[in-house]
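Whenever a hint applies, use it, and build me the whole structure from the sequences.
Number of protein chains: 2
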Amino acid sequence: MSEQRGALVIIGGAEDKRGNMTILREFVRLAGGTHARIVVMTVATELPLEVGADYIDVFEKIGVEDVRTFDVSAREAADRDSACRAIEKATGVFFTGGEQLRITTLLGGTQVDSALHTAHERGVVLAGTSAGASMMSSTMIVEGVGDTNPRVGIVHMAPGMEFIDGIVIDQHFAQRGRLGRLLSAVAQYPHHLGLGIDEDTAVIVRNTEFEVIGRGAVSVVDAGSLTFSNLGDLQNNDALALCGVKLHILPAGYQFSLRERKPNLERLTRSGNE
Amino acid sequence: MSEQRGALVIIGGAEDKRGNMTILREFVRLAGGTHARIVVMTVATELPLEVGADYIDVFEKIGVEDVRTFDVSAREAADRDSACRAIEKATGVFFTGGEQLRITTLLGGTQVDSALHTAHERGVVLAGTSAGASMMSSTMIVEGVGDTNPRVGIVHMAPGMEFIDGIVIDQHFAQRGRLGRLLSAVAQYPHHLGLGIDEDTAVIVRNTEFEVIGRGAVSVVDAGSLTFSNLGDLQNNDALALCGVKLHILPAGYQFSLRERKPNLERLTRSGNE
Numbered sequence: 001m002s003e004q005r006g007a008l009v010i011i012g013g014a015e016d017k018r019g020n021m022t023i024l025r026e027f028v029r030l031a032g033g034t035h036a037r038i039v040v041m042t043v044a045t046e047l048p049l050e051v052g053a054d055y056i057d058v059f060e061k062i063g064v065e066d067v068r069t070f071d072v073s074a075r076e077a078a079d080r081d082s083a084c085r086a087i088e089k090a091t092g093v094f095f096t097g098g099e100q101l102r103i104t105t106l107l108g109g110t111q112v113d114s115a116l117h118t119a120h121e122r123g124v125v126l127a128g129t130s131a132g133a134s135m136m137s138s139t140m141i142v143e144g145v146g147d148t149n150p151r152v153g154i155v156h157m158a159p160g161m162e163f164i165d166g167i168v169i170d171q172h173f174a175q176r177g178r179l180g181r182l183l184s185a186v187a188q189y190p191h192h193l194g195l196g197i198d199e200d201t202a203v204i205v206r207n208t209e210f211e212v213i214g215r216g217a218v219s220v221v222d223a224g225s226l227t228f229s230n231l232g233d234l235q236n237n238d239a240l241a242l243c244g245v246k247l248h249i250l251p252a253g254y255q256f257s258l259r260e261r262k263p264n265l266e267r268l269t270r271s272g273n274e
Numbered sequence: 001m002s003e004q005r006g007a008l009v010i011i012g013g014a015e016d017k018r019g020n021m022t023i024l025r026e027f028v029r030l031a032g033g034t035h036a037r038i039v040v041m042t043v044a045t046e047l048p049l050e051v052g053a054d055y056i057d058v059f060e061k062i063g064v065e066d067v068r069t070f071d072v073s074a075r076e077a078a079d080r081d082s083a084c085r086a087i088e089k090a091t092g093v094f095f096t097g098g099e100q101l102r103i104t105t106l107l108g109g110t111q112v113d114s115a116l117h118t119a120h121e122r123g124v125v126l127a128g129t130s131a132g133a134s135m136m137s138s139t140m141i142v143e144g145v146g147d148t149n150p151r152v153g154i155v156h157m158a159p160g161m162e163f164i165d166g167i168v169i170d171q172h173f174a175q176r177g178r179l180g181r182l183l184s185a186v187a188q189y190p191h192h193l194g195l196g197i198d199e200d201t202a203v204i205v206r207n208t209e210f211e212v213i214g215r216g217a218v219s220v221v222d223a224g225s226l227t228f229s230n231l232g233d234l235q236n237n238d239a240l241a242l243c244g245v246k247l248h249i250l251p252a253g254y255q256f257s258l259r260e261r262k263p264n265l266e267r268l269t270r271s272g273n274e
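Chains as they are written, first to last, in UniProt numbering: chain A, 1 to 274; chain B, 1 to 274.
Just to be clear, a hint being listed does not mean it is correct.
Pairs count within a copy or across copies, as identical chains cannot be separated in the list.
Said to hold, decoys possible - In silico SDA-like links for lysine to any residue, alpha-carbon gap of 25 Å or less:
#, residue 1, residue 2
1, K61, L101
2, K262, G232
3, K262, D233
4, K262, D238
5, K262, D222
6, K17, D238
7, K17, N237
8, K89, G33
9, K17, A74
10, K262, V152
11, K262, F228
12, K17, D147
13, K262, H191
14, K262, G19
15, K262, L234
Because the hints were derived from the structure by calculation, they are not lab data.
This is how it looks when you write it as structure tokens:
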């Protein structure tokens, strides 16, 4: 089954919606092109009407005929058969930004949650931007302080929607100076690879590999190579010492093997720039 | 001679001047305590009177009896004997913030430049904050874009004052999201270690080792371990791909060997926190 899983399109926020729309076009292409059936999930935002209308405009502009929004403001709505049928018919599901905890607390364990996982298993493409990106993994960053060195307690984590294991995602990465908080997150469990995704930049995950698209870069923070960490001895707000972290900066066209924890340089598809 | 060189106190900007003043007190201690003779060099700033008066207040509050400022707004002034005599009598010289190019263009090659190097060789402590930190090394970052992924041309470099070799310094590091620009700098010559120094944080360099003091951390970016870089093929503003960069995050109390390019964990002097 897992060989037929749908791709994940994990976007670092602020993706272009007015110009070339590289990332959103790629999502549409993966979901079937103009024949795609797209559901825009506005669960994360408190402005579902505005945000939903904006994405409907964009996807229609790209040429998708069948776009609908799905909002949930109470868990009951996520247990309705009609909601599940919309997911079952979709070829692509797009999660907007907002607050990642709204997604997990409103959808987690509902019929829609199951329908999303079933859909993904049979090939439906799942995309998410900003909060919709963070929630993709099994453990997610809920919130944290930017523009700081790594410190204990500056990053608040919670279970995510579990569409992918073994990574922790941060978004708006370079733009909001989030190296410190991503390091604080992965230091807690260095098996997790940290993916810091810049704005208007995305990773397309297929099985255990991803490729980068968009304007910025993806910073892969691999704390598996740590030679020293003082995390065990510290209290809240104490400064972390981390020695021997491995860092890869991957712009558009570069690929990475999550299983081997290294870039796939032999399979470079583009110049690395668009 | 080089065994008797003075320490360098390289500060990431915005050091505490009102509270414990950990960093400025340590500079004073290294320069001889209350018997120190300190020259505050305001060459970098266009507000030498205000900035100079501020530091005179601070150093007097710490208990230093002999503090004077030295400003240069034209190169002629840096060739006067009186200027050199002030440096010759000092036990510590402190460079304020401002613009690092003012320091190198106003002092480079003058009698004061020679006097500073001679003084450093015979044990005088040199300190600098912000612009005064950047200029310490042989190659310095003049300016660059923050909050971005590494790109070609986003960082402008120039010769520094050459008090230390083999490193490139960036300041206000976590606070201004400068990982991208420091990576862009060291990628050009991966032999250089990148030192990203946070605000109210400093490295104390003695010979080929340094120790961290202050509130934040120092990020050591070692591109010597690069397994791949696309730098050769790119044009201005193209995104850099960098694979296999090594990263160390070192808060207060941690030491690093510049010669061995690794932390000295066996010589940890404090808990790593203050």
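query = Which numbered hints turn out to be false for this structure?
reply = 1, 9 and 14
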